[in-house]
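Just so you know, the sequences run in chain order A and B. When we follow the working numbering, the leftmost residue of the first sequence carries the number 1, and every step to the right adds one. When we follow the working numbering, the leftmost residue of the second sequence carries the number 1, and every step to the right adds one.
It is possible that part of the hints are untrue.
The list makes no distinction among identical chains, and a pair is therefore deemed to hold if it is satisfied within one copy or across any two copies.
[To be verified] Straight line, CA to CA, 16 Å or less: simulated EDC-like cross-link-like pairs of lysine to aspartate or glutamate:
(1) K2 with E72
(2) K2 with D104
(3) K125 with E72
(4) K2 with D14
(5) K97 with D14
(6) K2 with E24
No wet-lab data here; the hints were simulated from the structure.
What follows is the residue order along each chain.
There are 2 protein chains.
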Amino acid sequence: MKILGRHLLAELVDCDSVLLIDSEKLEKAMKDAARLAGATVVDSVFHRYNPQGLSGIVVIAESHISIHTWPEYKYAAVDCFTCGSNVDPERALSSLKQALGCRDMQVREFNRGMPSPTDEIIAHKNIISAAAAAVSK
Amino acid sequence: MKILGRHLLAELVDCDSVLLIDSEKLEKAMKDAARLAGATVVDSVFHRYNPQGLSGIVVIAESHISIHTWPEYKYAAVDCFTCGSNVDPERALSSLKQALGCRDMQVREFNRGMPSPTDEIIAHKNIISAAAAAVSK
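Only chain A is shown next, with the shape it has when bound in the complex (with noise of 0.2 Å):
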């Protein structure tokens, strides 16, 4: 594949099923999680469902982080897709892990990008002509 991305599909058990209904919370969490990373928060859209339950997206400039919960599970799904070498997904689950009183997750991992028979990172086209730029200076 021609990697642009890691995309990260977070499984989070067991947690303060109150925190998984209050829209705030969570907003403040995720972005706090976003930033943590080393990503930069653009916009975001938060939605609590009636009875319950809550979908939360963070746009960041390398690409989103979402929630959707299920309190009555204690459950949260999040997927954190980011593009670049600049931000850590890692850290911005293991910041919402804690915050949402996590005691279980499981994270399976995926590239992102344009399949190819052999594994590559690539860049976004202006990030490579900036760095020829430098290069050639």
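Position chain B relative to chain A; hints supplied.
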């Protein structure tokens, strides 16, 4: 796993690069895809980056659909997370593939939910309660 949802990661290759920077058309295509799949659109957020690329997320009552585009590579990364059995995520992806003039789409699918030794599809507890109430009438 106690399965609460399906998460599809799709790599859309060889897309129409002009469409990949058209925030308005892309937002419409994403919302159309969600509705065609049987999902209920709750909210959306789209951002175009300088000098290129775009991030968009459509929050649906059944979770979310996101897109991140790299027009310089004619590539888009889409993820479609749906819960419940009333939404057809493959239909959403198929609609998006067509809308973006994409010639090749590769999809990986993962279950989302609470880790467990065996696989079992479960529902929101309120849905279970409603079903139980209907049975008891």
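Structure-based check of all given hints:
Taking the shortest alpha-carbon separations for K2 and E72, only the inter-copy value of 13 Å comes in at or below 16 Å, while the best intra-copy value is 40 Å. In this assembly of identical chains, the alpha carbons of K2 and D104 lie at most 16 Å apart only when taken from different copies (15 Å versus 32 Å within one copy). Taking the shortest Cα distances, K125 and E72 sit within 16 Å of each other only across copies (7 Å), while inside one copy they are farther apart (45 Å). When the C-alpha separation of K2 and D14 is checked against a cutoff of 16 Å, the pair qualifies only between copies, where the shortest distance is 13 Å, while the shortest distance within a copy is 37 Å.
Within a single copy, K97 and D14 get their C-alpha atoms as close as 10 Å, which meets the 16 Å cut-off; across copies the closest is 38 Å, which misses it. Taking CA atoms no more than 16 Å apart as the test, K2 paired with E24 passes in neither setting, with 38 Å inside one copy and 28 Å between copies.
Hint check: a violation occurs at hint 6 only; the rest are consistent with the structure.
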